[in-house]
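Given the coordinates of chain A, work out where chains B and C should sit on it, guided by the hints.
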Amino acid sequence: MIPFVIDGQPVEGREDGNLLEVALDSGIEISHLCYNESVKPYGACRLCLVEVVRNGRSRMTTACTYPVIEGIEVLTRTEKVLRARRMIIELILAMCPGDKLIQDMARKMGVHEVRFKKEDKDCILCGLCGRVCDEVVGAHAIQFAFRGDRKEMIPPFGGEAMNCIACGACVIVCPVDVIRMEEEGDERTIIRWKRTLKMKQCKICGNYFAPWFQLEKFKEQVKLPKEFFDVCYTCRT
Amino acid sequence: MTYEEIDSIIERYHGKESAILAILQDIQAKEKYLPKETLEHLGERLHIPSSKIYRIATFFRAFSLMPRGRHEIIVCLGTACHVRGGQRVIDQFTMELGIRSGETTPDRNFTLETVNCLGVCAAGPVVAIDGQYFGKMSSTKVEETLKKFRPGKKEGTNGKD
Amino acid sequence: MGKISSPQELERYQNEILSKRDPHQPCVTVCGGTGCHASGCHQVIDAFRKVLQDHSQGNGINIRVTGCHGFCERGPLVVIYPQKILYQRVKPEDARTIFEETVLNGKVIESLLYDHPTTGTRIVHEEEVPFYQKQMRIIFGNNGNIDPTRIEDYLAVGGYRALSKALFSMTPEEIIREVKKANLRGRGGGGFPAGVKWETCKKAPGDIKYVICNADEGDPGAYMDRSLLEGNPHSVLEGMIIGAYAIGSHEGYVYVRNEYPLAVVNIGIAIQQDRELGLLGENILGSKFDFDVQISRGGGAFVCGESTALMASLEGNVGEPRAKHIHTVVSGLWDRPSNLNNVETWANVPVIIERGADRYTQIGTEGSKGTKIFSLVGKVNNTGLVEVPMGITLREIVYDIGGGIPGGKKFKAVQTGGPSGGCIPESLINLPVDFDRLTEVGSMMGSGGMIVMDESTCMVDVAKYFTNFLKDESCGKCTSCREGTKRMHEILTEITEGRGKPEHIDLLEELGWVTAETSLCGLGQTAPNPVLSTIRYFRDEYREHIINKRCPAKVCRVLLRYRILSDVCTRCGRCAKVCPVKAITGKKKTKKEAGEPFQIDTEKCIKCGMCFETCKFEAVEVQ
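For the record, the sequence lines run as chains A, B and C. Using the working numbering, count along the first sequence one by one with no gaps and you end on 237. Using the working numbering, count along the second sequence one by one with no gaps and you end on 1161. Using the working numbering, count along the third sequence one by one with no gaps and you end on 2623.
Pulled out of the complex, with its shape left as it was, chain A reads as follows:
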């Protein structure tokens, strides 16, 4: 474990770790949006800015992408960092003025007005849904398309996400809660990806527990007896 300091507090991080994960583990709050410990750090939202002092030189950088290095001093609440974070949240708020989480974050940071023309987007382009779908779930159903301010997270060719297994991981991981999942009767829909799948019933309790499509995909990948895929998690245990 590698020792260094955050806001005067001695901390330790593993060799290939990053500053943000160490801070959060040590109970030090650094605002963040696009970071999630289940996926590789991305560095998109720019909210987790900190100042790092190394070899006498200081630079402002994102904590999630900066490696753990012995002896560095990390400062999470300098004037410069706070000023930068305020502008970043203002820019995100201007993009997505209706997002409650962003509104709350902005208020907490002391940002009360948006000096730019408000757009009406809801997605903050953190990429977490796509990253989780790629790195954790492996369904690769959605990813970013286009670039610049036309960038958006969509299924290939727009339309329905044909590789989506409706597992709901994206729903859980979205920091601004704009991916919704609905269940009605024997159907589950991930609304944002226009994906509706028929659900399979548990042989024991009769509840709809997982989409057929999802179970078929798992069957291809995982060597398990057939019965596993006929019974829901609760009944299996």
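Simulated from the structure, these hints should not be mistaken for laboratory data. Glycine residues also receive a C-beta, built at the ideal position from the N, C-alpha and C atoms. Worth double-checking, as some hints may not be accurate.
Okay, the calculated bits of chain C under chain A, using three or more residues with CB under 8 Å as the criterion [as the list claims (entries may be wrong)]:
no. : segment
1   : 2066-2080
2   : 2470-2483
Here are the computed lysine to aspartate or glutamate pairs in the DMTMM-like style, where the Cα-Cα straight-line distance is at most 25 Å [to be verified]:
no. : chain 1 : residue 1 : chain 2 : residue 2
3   : C       : K2203     : A       : E70
4   : B       : K1136     : C       : D2454
5   : A       : K118      : C       : E2497
Structure of chains B and C alone, referenced to chain A:
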């Protein structure tokens, strides 16, 4: 494009996944756009998920997912051309054709594009139509230049195929 | 000629080539560079070919299509050897006359010579033309002497001697020492010392290392790399092979933007020729060193000029940069040590090795050694590509080489460094051009774009133009750059369309600060430069737009007022015809009637400027 043709392009690059950009460029050069079925076939062959192929196809300006027009009009947006009044030239093309940069006319005759520097700064503002350069363009010359490529007239005067 | 397997064999082959060349034999060289291409050099070449074919004395006379000579303003350019007579603005019809008079009879055709803009004197020889006099064409000069598709031409001017020296008389450490001593700084814009980069890469752990040539020249208005790759691809390859040997790399890539098809072709030919002669591949020149190069084409994304984005693209991903806390020289392409340098940087390497660092460093300033190729364009008389020693002043470039501003207009500013750079005003015209001085004044060297602007250029419009470019080219990954460029452009649009507010300037500066300080990569980090530098030096022009809703340079359409001067109007009616919204009324002058002066209805006027451009009598006034 037939699957055999696609497969032979893939073969040219030894089926390497990292050659996806080059493969897409070869397809774009031949077909003038990237048909959806072609991209899906590519994904299967190279074991690249369609979400990644779509991401790549929409990120780079070299690729078009819609068929291009018969004639490609490229207006140089380089700084030198801009400073010599390039903006008026594009605006005039937009007015004449009713389309903006990146779009194709409904009759599929013209696609209007802008590019950042054709490298012909001395003759700016410059417009390239089907590879033929027109230097010292001005908004007043747009209509007569377009006439050379409008349907009804002999297709272009550049002597190319 | 099979593979050359020793330095002695190389020397023998070079001598053999030279012995077959008669320096006194007449030769017609035509510049085949992009600028001349657009001016129709291919018709000129075809015309010469036909003349030589048809003419009884055409046999034995060579035509050489060369790389770019740099004087693009005056193309198509033809140089007749052995006298080195320069003809400019040559038309296909001139081919026969040139052949009969100059090639056969040694007579000079006055009308095709370069004419001095002020004295009017005709200048015969290329070196005496003012455009070339203050240049130092160490890297670019050979373009005019070689056909880029013939390796024999490159060998004839001493090509690959540096490689021979490097492989057989120097160790990799000595090569790196020499490059460090020469203080070769990256010519792509960063200005980072190449020798230090090479050394770090060499020392990085790992057996597999890559050398990469960044030919993704994306700055609008810059085409130096293009002309080097098209005109002298071997010079770049030679540099890469030397670098690979020094670093310990066996695999190289040339990443060329896909908008440069001729460059892709010519470098492909060069690579093939190198392989045939044993200059690439296994056991180069018998040295036991293996190295080969692949070409990779860009996909039309400016951001791929950034090293991590370029490498992502090489790996088959989108060109999204990543944080660079661990440098690409240690972990780059496929997480392996990768040394990336710009085209011009690589082309400097053979010169440094052959001449030695001591001689190389005699040119330039303390911090910036050697020369730099600039693309001198915009409102300047002699547009083209120029190579000058570091330390030359902007004044010398714009006036002595560039010939000053056309139409007698007043110089306003020079934009250097493209979209990542800034503008330099008249007050700093005596600034010596070097990496550090340019950065000090709020601009940067960049890749070498030098755009001259005059009194009819609106600096707010320039800022808007660059910001628009960056907004389109931003990969969109990080909030700072994506939103920052978008909002800066939004505010600049407000200002140029008459909706500017006093607080906008401060807001632009604040946006600029956060975009520069918090963006993930160089594109975003330098994106505010055009805005901030124009505010720094032309604040009054911004104020004029915001407070008085006026554009002094008469560029910002919405702020213009078009008026027809009734006492100048000849009543020809042309303006009314071209007006797209029928805002102009009047009575045409006919044989019977005197007509009435035409007038513009300002309510309907959309300020497109067609009337102004059409009127042959200057009766349309723009305010």
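Here is how each hint holds up against the structure:
1. Chain A is given as covering the segment 2066-2080 of chain C, and this is violated because 0 residues of the stretch bring a CB closer than 8 Å to a CB of that chain, at least three being needed.
2. Evaluation of the coverage hint for the segment 2470-2483 of chain C: fulfilled, as 12 residues show C-beta separations to chain A shorter than 8 Å, against a requirement of three.
3. About 22 Å separates the Cα atoms of K2203/C and E70/A, which keeps this hinted pair within 25 Å; it holds.
4. For the hint pairing K1136/B with D2454/C, the CA-to-CA distance comes to about 18 Å; that is within 25 Å, so the pair holds.
5. Distance hint between K118/A and E2497/C is fulfilled; the C-alpha atoms sit about 19 Å from each other, no more than 25 Å.
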